[in-house]
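Chemist: Residues per chain are reported as follows:
2 protein chains.
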Amino acid sequence: MREVAILGVGMTKFGISSKTNLEMFTEASLDAIKESNIEPGDIQALFLGNCLGDFEEAQAHMGPFAHSELGLPVDAPATRFESACATATVAIRHAALLVGAGVYDVVLAGGTERAAKMGTPLATRTFAMACQSQYEASAGLTFPGVFAMAAHMYASRHNIPLAELKKHMAEVSVKNHYHGSLNPKAHFQKKIDVETVLSGIMVADPLQLFDCCPFSDGAAAVVISTAEKAKDLIKNPIYIAGMGQASAGPLYVQRDLTRIIARESSVKQAYSEAGIGPEDVDVVELHDCFTIAEILAIEALGFYDYGKGYPAATKGETTFKGKVVVNPSGGLKAKGHPIGATGAAQVYEIVKQLRGECDERQVEGARIGLVDTLGGDFGTVCNIILRSR
Amino acid sequence: MREVAILGVGMTKFGISSKTNLEMFTEASLDAIKESNIEPGDIQALFLGNCLGDFEEAQAHMGPFAHSELGLPVDAPATRFESACATATVAIRHAALLVGAGVYDVVLAGGTERAAKMGTPLATRTFAMACQSQYEASAGLTFPGVFAMAAHMYASRHNIPLAELKKHMAEVSVKNHYHGSLNPKAHFQKKIDVETVLSGIMVADPLQLFDCCPFSDGAAAVVISTAEKAKDLIKNPIYIAGMGQASAGPLYVQRDLTRIIARESSVKQAYSEAGIGPEDVDVVELHDCFTIAEILAIEALGFYDYGKGYPAATKGETTFKGKVVVNPSGGLKAKGHPIGATGAAQVYEIVKQLRGECDERQVEGARIGLVDTLGGDFGTVCNIILRSR
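Top line first, the protein sequences correspond to chains A and B. When we follow the numbering used here, the leftmost residue of the first sequence carries the number 1, and every step to the right adds one. When we follow the numbering used here, the leftmost residue of the second sequence carries the number 1, and every step to the right adds one.
Treat the hints as calculated values from the structure; they're not laboratory data. It cannot be assumed that every hint is accurate.
No copy is singled out in the list; a pair is fine if it fits within one copy or between any two copies.
[Said to hold, decoys possible] Here are the computed lysine-lysine pairs in the DSBU-like style, where the Cα-Cα straight-line distance is at most 35 angstroms: (1) Lys167 with Lys34; (2) Lys231 with Lys268; (3) Lys229 with Lys268; (4) Lys323 with Lys117; (5) Lys308 with Lys167; (6) Lys231 with Lys117; (7) Lys315 with Lys19; (8) Lys235 with Lys308; (9) Lys117 with Lys229; (10) Lys308 with Lys229; (11) Lys117 with Lys235.
Here chain A stands alone, though its shape is the one from the complex (with noise of 0.2 angstroms):
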């Protein structure tokens, strides 16, 4: 396999807007595409995320339609891809695969949603298609109600108080906010205190309304090439070191909600491919869909051992010049959810931290990066280890 690189990045600012996906998606691209020095008429495929575009505007078969938008060649094949949240993660690895093996040489991946145009009630609704529909979805399963569970499981299982998680829970959404206020893409950029989690309406117990992220409209877009060619084209590239993807079944075959076992193989086939371990990643854009999920997910990534993460954003472990920075762009809490762009918006956030193009909510000296995107009630797990050279 070749070398791999990430030119260009772009995504729109996320929250409420007024663009159809092909309008946000076309001004993430471009701005991708500018940043790496090439033309539209260069890209050679296409890796389009999206997960509810029938839905949200009638819109299915969108690959074709986005590569019209940008002017691509007829030789350069769309394909869109759909894994529930995972959706532009799973674009995106597979468009560094198809690279990396040689079929292609430069190629644009990423997603687009307009989830928040939904409205939070059919969204919710109509995204729990996402789990599985004749014994979950029909037993009225919806997302917040599979991470409340998994909080109960969490504090059942490693004998803490609810009340205590839930503050440690709160600190999670504080810290996220927090880093969103930095973040001039984010859909919220406000900060907020842990009395404001513990105040919010009750969502799914205990999940309150400052424990989930919202949905959002967004896009965001990468070119990828070749490690050799990226070396030509742009003065910055970061590299693809490892890549990991799993599956796993419904909740009543994975019974262990506090364990994802799909991430936990995913991320293993990531570390592996480039030879690290999670001691080494400096700042890692992960799948906070719930305060509980960025939980389970710094445990099931190797930061912290099952059972002991929870303090961890209490104790300002995971925030700027911590143990590892954890969703410095505020992640899926606060920078937001457009549900089939989200991977591809934390691969951005990572180039632009690596490139050290972040600002005020730069992590120093940050080499090694790591996106974690989880799709589903656990089916999909997708991983990207990325680093500067």
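Place chain B on chain A using the hints.
Modeler: Then chain B, alone, in the frame of chain A:
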């Protein structure tokens, strides 16, 4: 790139089914796995095609659930692909590319759809989302309308009286129903005559009922490995000789509906990679979603010059012992069209033909076969060329 082969293939009977997408895909996949002399635990990745699972049974993110039904390993990632009608072909192409590249050695790819279950009016309406929603679907365009316009343009451009063209289109339907009558897995297994076609209800002028393929329920799957490995596992591997995929924008960009530019590009890639031309193809499964679509396809694939393909069925040139046997399975018209499964069923048929396992519908001495799948209103085309040793 390593040489790639197809081991086992499986498909459900197409038609109206009471099974879920997961049940149908599992049935097809287990047949394919059994034929391959492997176990589910040997599969290293799943490439699953599905278009409208969210509308059919409120099921998005179908990859991991299919993965779980089959008992695949956690470290074998499952990814859902969607490229309208070309969905499964695109999934299979990506699977084959990654096997060729050395990323995987043995993978499963295919698709499933429960389109009949929705009923034709709802399926027609929801599937119109594969047109461009902002400018096309919002103007009332559905697929019968797209191909009706193509038929009118074909008649006009080539100076063929519409009544004459319609008779030749009817012969395509008669031919494909005849082929379907020889296929125990076809949705329709009944021969019809030209009179039946020309007396059918009008769907979208000039397309009458029997000019249109049905929506079907069904699934199909194939196991793909390296040619090297295939030799050790089965006695009759079929080899992937070439592949192509291309994309084009909405109709207002494409303009000429009689020449599908994505098909011209895609099949050129496939012929070039295989080192053959149309004259070398013995059998083809192509995208006859409407009778006019088969005529457009045999021209863009190079079997006929533009404007010369319309009498091919009438002359018997596209049936057994003809110039090139087109849709021996019955095609979308008679075998049926479970959208996200169609491309995999085309591969299934070509593999069976090249193995000589097609009984009454066997194309004698078939050595090279072509798969052609069209997605949306000409937005995606994917081609796969297969050959026996």
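Chemist: Hints first: check each against the structure and report whether it holds.
Modeler: Do the hints match the structure? See the list:
1. Lys167 with Lys34: neither (44 angstroms within a copy, 53 angstroms between copies)
2. Lys231 with Lys268: For Lys231 and Lys268, both the intra-copy (29 angstroms) and inter-copy (32 angstroms) Cα distances are at most 35 angstroms.
3. Lys229 with Lys268: Cα proximity of Lys229 and Lys268: in one copy and across copies (29 angstroms, 27 angstroms).
4. Lys323 with Lys117: The answer is neither: 37 angstroms in one copy and 54 angstroms across copies each exceed 35 angstroms.
5. Lys308 with Lys167: within (15 angstroms within a copy, 75 angstroms between copies)
6. Lys231 with Lys117: Result: close neither inside a copy nor across copies, 40 angstroms intra and 53 angstroms inter.
7. Lys315 with Lys19: Neither, since 40 angstroms and 52 angstroms both go past 35 angstroms.
8. Lys235 with Lys308: Answer is neither: 41 angstroms inside a copy and 54 angstroms across each miss the 35 angstroms cutoff.
9. Lys117 with Lys229: neither (39 angstroms within a copy, 49 angstroms between copies)
10. Lys308 with Lys229: neither (43 angstroms within a copy, 45 angstroms between copies)
11. Lys117 with Lys235: neither (38 angstroms within a copy, 55 angstroms between copies)
Of the numbered hints given earlier, the model fails hints 1, 4, 6, 7, 8, 9, 10, 11; all others are met.
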